[in-house]
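*Asks:* I would like the entire structure built from these sequences, with the hints used as guidance.
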Amino acid sequence: MIQLRNISKHYPVGFGKHEILKEVNLVIHEGEFVSIMGPSGSGKSTLLHILGLLEEPSDGEYLFQGELVHKMNDKKRTQLHRGAIGFVFQAYHLIDELTVYENIETPLLYKNMPSSERKSRVADILDRFNMVAKKDLFPNQLSGGQQQLVGIARAIVAEPTVIFADEPTGNLHSDQAKSIMELFAELNKKDGITIVQVTHSDLNAGYGNKVIEIMDGRVK
Amino acid sequence: MFRNYLKIAWRNIWKAKQVSAVNIVGLAVAIAAALLLCITVYREFSFNDFQEKKDYLYEVYKEDFHADKTESQSNMSYPMGPALKAEIPGIKEVVRFANDASVMNVGEISQSIGLRFVDSSFLNVFTFPAVSGNSALGMNNVQITEKMAGIFFKDQDPVGKTIRLRVGNEWKSYVVGAVMKNVPDNSSIRFDALLRLENHPSFPEDRENWGNFSLEIFVQLNPGVKPEDIERRGKTFLEKHYTEDIERMKKAGARKDKFGGVQHMGLTPISEIHFSNNSNLQDAKKPILYMLLFIAAFLLFIASINFLNLTLARAFTRAKEVGMRKMLGAARIQLVLQLCGEALVLFLISLVLGLAITYFVLPFYNAMFFAKAVYAFGILLQPKFLVGILAALLIISPLAGGYPAWVLSRTHTLLVLKGKVSSGRTNYFRNTLIVTQFVFSSLLICGTIIAWQQMSYLRDKPLGFNTHEVVSIPVSKDLDGHLLLARLRTELAQQPDILAVSASGHNLGRGKDGSQSTSIITFELEGKEISSHWQAVDYDYIRTMDLKLRGGKDFDPKMGLDSFGLVINEKMAKQLVGAKDAVGYRFRMDNEGPEYHINGVVKDYNFKSLHEEIGPLTMYLNQQDEPPAYIFVKTKPGNLPASMSRIEAAFKKAAPGQTYLASFVNENTEKQYKFESTLMKIFICGAVLTIIISCMGLFAIAMLTIGHRTKEIGIRKVLGASAAGIAGLIARDFLKLVALAILIATPVAWYVMSEWLKGYAYRINISWWVFVLAGLVAVFIAAATVSFQSIRAALMNPVKSLRSE
Numbered sequence: 001m002i003q004l005r006n007i008s009k010h011y012p013v014g015f016g017k018h019e020i021l022k023e024v025n026l027v028i029h030e031g032e033f034v035s036i037m038g039p040s041g042s043g044k045s046t047l048l049h050i051l052g053l054l055e056e057p058s059d060g061e062y063l064f065q066g067e068l069v070h071k072m073n074d075k076k077r078t079q080l081h082r083g084a085i086g087f088v089f090q091a092y093h094l095i096d097e098l099t100v101y102e103n104i105e106t107p108l109l110y111k112n113m114p115s116s117e118r119k120s121r122v123a124d125i126l127d128r129f130n131m132v133a134k135k136d137l138f139p140n141q142l143s144g145g146q147q148q149l150v151g152i153a154r155a156i157v158a159e160p161t162v163i164f165a166d167e168p169t170g171n172l173h174s175d176q177a178k179s180i181m182e183l184f185a186e187l188n189k190k191d192g193i194t195i196v197q198v199t200h201s202d203l204n205a206g207y208g209n210k211v212i213e214i215m216d217g218r219v220k
Numbered sequence: 001m002f003r004n005y006l007k008i009a010w011r012n013i014w015k016a017k018q019v020s021a022v023n024i025v026g027l028a029v030a031i032a033a034a035l036l037l038c039i040t041v042y043r044e045f046s047f048n049d050f051q052e053k054k055d056y057l058y059e060v061y062k063e064d065f066h067a068d069k070t071e072s073q074s075n076m077s078y079p080m081g082p083a084l085k086a087e088i089p090g091i092k093e094v095v096r097f098a099n100d101a102s103v104m105n106v107g108e109i110s111q112s113i114g115l116r117f118v119d120s121s122f123l124n125v126f127t128f129p130a131v132s133g134n135s136a137l138g139m140n141n142v143q144i145t146e147k148m149a150g151i152f153f154k155d156q157d158p159v160g161k162t163i164r165l166r167v168g169n170e171w172k173s174y175v176v177g178a179v180m181k182n183v184p185d186n187s188s189i190r191f192d193a194l195l196r197l198e199n200h201p202s203f204p205e206d207r208e209n210w211g212n213f214s215l216e217i218f219v220q221l222n223p224g225v226k227p228e229d230i231e232r233r234g235k236t237f238l239e240k241h242y243t244e245d246i247e248r249m250k251k252a253g254a255r256k257d258k259f260g261g262v263q264h265m266g267l268t269p270i271s272e273i274h275f276s277n278n279s280n281l282q283d284a285k286k287p288i289l290y291m292l293l294f295i296a297a298f299l300l301f302i303a304s305i306n307f308l309n310l311t312l313a314r315a316f317t318r319a320k321e322v323g324m325r326k327m328l329g330a331a332r333i334q335l336v337l338q339l340c341g342e343a344l345v346l347f348l349i350s351l352v353l354g355l356a357i358t359y360f361v362l363p364f365y366n367a368m369f370f371a372k373a374v375y376a377f378g379i380l381l382q383p384k385f386l387v388g389i390l391a392a393l394l395i396i397s398p399l400a401g402g403y404p405a406w407v408l409s410r411t412h413t414l415l416v417l418k419g420k421v422s423s424g425r426t427n428y429f430r431n432t433l434i435v436t437q438f439v440f441s442s443l444l445i446c447g448t449i450i451a452w453q454q455m456s457y458l459r460d461k462p463l464g465f466n467t468h469e470v471v472s473i474p475v476s477k478d479l480d481g482h483l484l485l486a487r488l489r490t491e492l493a494q495q496p497d498i499l500a501v502s503a504s505g506h507n508l509g510r511g512k513d514g515s516q517s518t519s520i521i522t523f524e525l526e527g528k529e530i531s532s533h534w535q536a537v538d539y540d541y542i543r544t545m546d547l548k549l550r551g552g553k554d555f556d557p558k559m560g561l562d563s564f565g566l567v568i569n570e571k572m573a574k575q576l577v578g579a580k581d582a583v584g585y586r587f588r589m590d591n592e593g594p595e596y597h598i599n600g601v602v603k604d605y606n607f608k609s610l611h612e613e614i615g616p617l618t619m620y621l622n623q624q625d626e627p628p629a630y631i632f633v634k635t636k637p638g639n640l641p642a643s644m645s646r647i648e649a650a651f652k653k654a655a656p657g658q659t660y661l662a663s664f665v666n667e668n669t670e671k672q673y674k675f676e677s678t679l680m681k682i683f684i685c686g687a688v689l690t691i692i693i694s695c696m697g698l699f700a701i702a703m704l705t706i707g708h709r710t711k712e713i714g715i716r717k718v719l720g721a722s723a724a725g726i727a728g729l730i731a732r733d734f735l736k737l738v739a740l741a742i743l744i745a746t747p748v749a750w751y752v753m754s755e756w757l758k759g760y761a762y763r764i765n766i767s768w769w770v771f772v773l774a775g776l777v778a779v780f781i782a783a784a785t786v787s788f789q790s791i792r793a794a795l796m797n798p799v800k801s802l803r804s805e
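Chains as they are written, first to last, in the UniProt record's numbering: chain A, 1 to 220; chain B, 1 to 805.
Hints may contain errors.
What the hints assert, rightly or not - Calculated pairs, EDC-like style, for lysine to aspartate or glutamate (alpha carbon to alpha carbon, straight line, at most 16 Å): (1) LYS250/B <-> GLU239/B; (2) LYS7/B <-> ASP136/A; (3) LYS320/B <-> GLU97/A; (4) LYS7/B <-> ASP59/A; (5) LYS22/A <-> ASP59/A; (6) LYS15/B <-> GLU97/A; (7) LYS92/B <-> ASP55/B; (8) LYS7/B <-> ASP96/A; (9) LYS7/B <-> GLU97/A; (10) LYS15/B <-> ASP96/A.
As the list claims (entries may be wrong) - Which residues of chain B face chain A? A few of them, derived with a C-beta cut under 10 Å, are: (11) LYS326; (12) LEU328; (13) ALA331; (14) ARG332.
Worth flagging that the hints you see were computed from the coordinates, not collected in a lab. The C-beta atom is built at its ideal place from N, Cα and C for all residues, glycine as well.
*Replies:* If you want it as structure tokens, here you go:
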């Protein structure tokens, strides 16, 4: 489903360039739970951003669901963000002005889903994550773990085929981290969602079925 | 979706309460000011709109093209009306009417009213419907308005009842024929009661007199007839009836109008008479109205700049939300719509608040600028106005909301995720807008100071004659001026506080009768063309006006009726004899004419407004066939009001039944600067509002900037910066902008104001300190605005500000 061919990424620095990714080749199949690991500055976040269509590679080809990404127009990319791709972040990135319910509802709004279907979808998710009682609270009224739960709920509400998670447990303590990782594993097994996570922790990587180690911009 | 947007809009407004408040209040004030100005302009432009036949109605005026000037008047003669209808095809109806103030009496109630003597066609041509009775105006009928009916007849039906009116100098009885609807507020033609023109006291003697110009004439043209056609035929018409006048004008070198005549008969559409210089009914000036519109737009512009700036400044805090929305699949257009929607919500709140402000301020506004309640809030509810407001709203919100929305929606998602949102990119734009606001503020401050200086210069400049203790009394045309003067002299002779009484053909300044006049004679003398103001005066004029005699003497009753003696001013003396002594100089204006001699020379004085230089002036003694038009009475300083009422009593005795329109000469001379003082008020109000709105913006921007720089300020403090140093650091950035604005505004203000001053023969020099002062004012206001925020920032506990990161 995801195929990277000789992907490189570099930024201009003065007269030279700063290389972040060097000729990365990678294949991720549908239903996999992949962990990208590596030290700080090794390029793992950049790789995730490229995978998530947030950043353009400088060189190489990227096929998402068999389509060449650099040939897609903005509209098509927005379409993918609406339906196929979900994101989870270390800093949760919930919209502060919206309640839990509204945060989860937002992706569906952009999919132009009818109101009744939207309501039942959000209700289902809230139910599944045991958050019904908290649906009218604002993000700053929740603990970190609960915020991340909302973040995940928001990522899966539009039923994406793949979730990209950037150190989803980085800001959480170990108990919370454990339950979040169990949730990811469940989503992967039960719902068949492909999951790509960036992580520092071997423990977290253990929930997945494939590890990509990255060092100085190269995949080992 | 839409509800979601609204909800977010509301939460965002609520979250940034201070900024939203600045936005809303600033806009609301600007909207209120703009609405007030628009109401004013709208009302002025709606004058006479209610006339159903307005497309065919024109007022007749006459222009005389003299060699040196064009004289225009809309006073016409009696026989002209019927002659126009008979001789010029295309005219369907002609209406003549004359104004008069009169006293109406029914039983015990007496009150002065506005009376109009009209042709019977008046009510067919103009749209003044009757409420009850028969609107056809019979010879012995009087038509009164509902208002008058209410005053004189209370609940009774007035139709068929008899009332008494003072016409000329006698009481006459008339039968009420109809009660008319009250004259609409926006009518140029106003009346309380109507009588047939045939009842006018001067009708019998003037009905065939082409030389007495005292009526207004309106014509109704047949459909399809162009006013130019009538004007063209007007040439032949005037040549037929004013042959002698035209011959005389031609001899004096008159110019020709576009149809080849030296006299021109023009038509002013009824929709224009409110503004036309050719009409006696003129009551407004279009340039002022356009200026008001400009100021309205300008205030909205300044407030919109605030809006733009504050929204841009908040982009920093909004970036995360926008970035996330993009990531969740929001298309750019959706984001722009959402942000524009927020702008619209804010604008709507401002509009409601603005309307409320307008409602409460309107009475004060009326009182301050117009001294009467002319502008009603109700105008705003007319469909045209509502559409206008809606249109303005729909134009401004996307403009002011659109750009920030566009900038925000440009936010790069990735930068948000990496926590690198910079608001730096929009700073140039933001600073430009701040500078623009302060350029305008400085301009208006400079303009206000200079206009103020010029005004007080005009007010305080000695004019060369006594203005404070001299009363000027206009003499109505139907009175014998000589007789009135003689009577007043006798009446006032015994009064100890009356020093002198005299008269003249021209007023000084503009009196309560509202008229100003000028006569100029031109003649050839020893090959030179001599031109001079030409003014009839009575005995004692020099003493009454406190003119300084440079040589010779005043007109004296002891010398008898000296028809050929003249008193001239220095300018005229220089023209006649150069540096030599003019007293005793004898000359003729033309070969057959009488020989004049110079009796006295007076020091130059400003007998015209200070817009003009002092010109040559020649005064001659009032002749029997030329009754004085203004009587001047000099009083003893001390108790002027008491003297004034004594003069009034004498006047009432000398001319019973006449309205007393006297005023002190200084009131009259100040009236010449009415335009300037209105302009002045507009300037001041514009300046104050602009400064307030700009400063509100600056205040909020300072607040947001400090919000962004909390961490920097915290670190600086930990590193040992003093509170003053930090306050200075913040304030400096803004004061630089204000200083730049002053630099830009100074030359512009200098140029504009010197152009304006060129309209005055007597004017101040613009001094450099005006700009320094204006600059200081602007800097001070800006510094005060920013300092509140910067001091707060400087006093913040650094531990708190660092922890917040």
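*Asks:* Now tell me if each hint is right for this structure.
*Replies:* Hint by hint, here is what the structure shows:
| no. | hint | verdict |
| --- | --- | --- |
| 1 | LYS250/B <-> GLU239/B | holds, 12 Å |
| 2 | LYS7/B <-> ASP136/A | holds, 14 Å |
| 3 | LYS320/B <-> GLU97/A | holds, 11 Å |
| 4 | LYS7/B <-> ASP59/A | violated, 43 Å |
| 5 | LYS22/A <-> ASP59/A | holds, 9 Å |
| 6 | LYS15/B <-> GLU97/A | holds, 8 Å |
| 7 | LYS92/B <-> ASP55/B | holds, 13 Å |
| 8 | LYS7/B <-> ASP96/A | holds, 13 Å |
| 9 | LYS7/B <-> GLU97/A | holds, 9 Å |
| 10 | LYS15/B <-> ASP96/A | holds, 10 Å |
| 11 | LYS326 | holds, 8 Å |
| 12 | LEU328 | holds, 5 Å |
| 13 | ALA331 | holds, 5 Å |
| 14 | ARG332 | holds, 8 Å |
Of the numbered hints listed earlier, the single one contradicted by the structure is hint 4.
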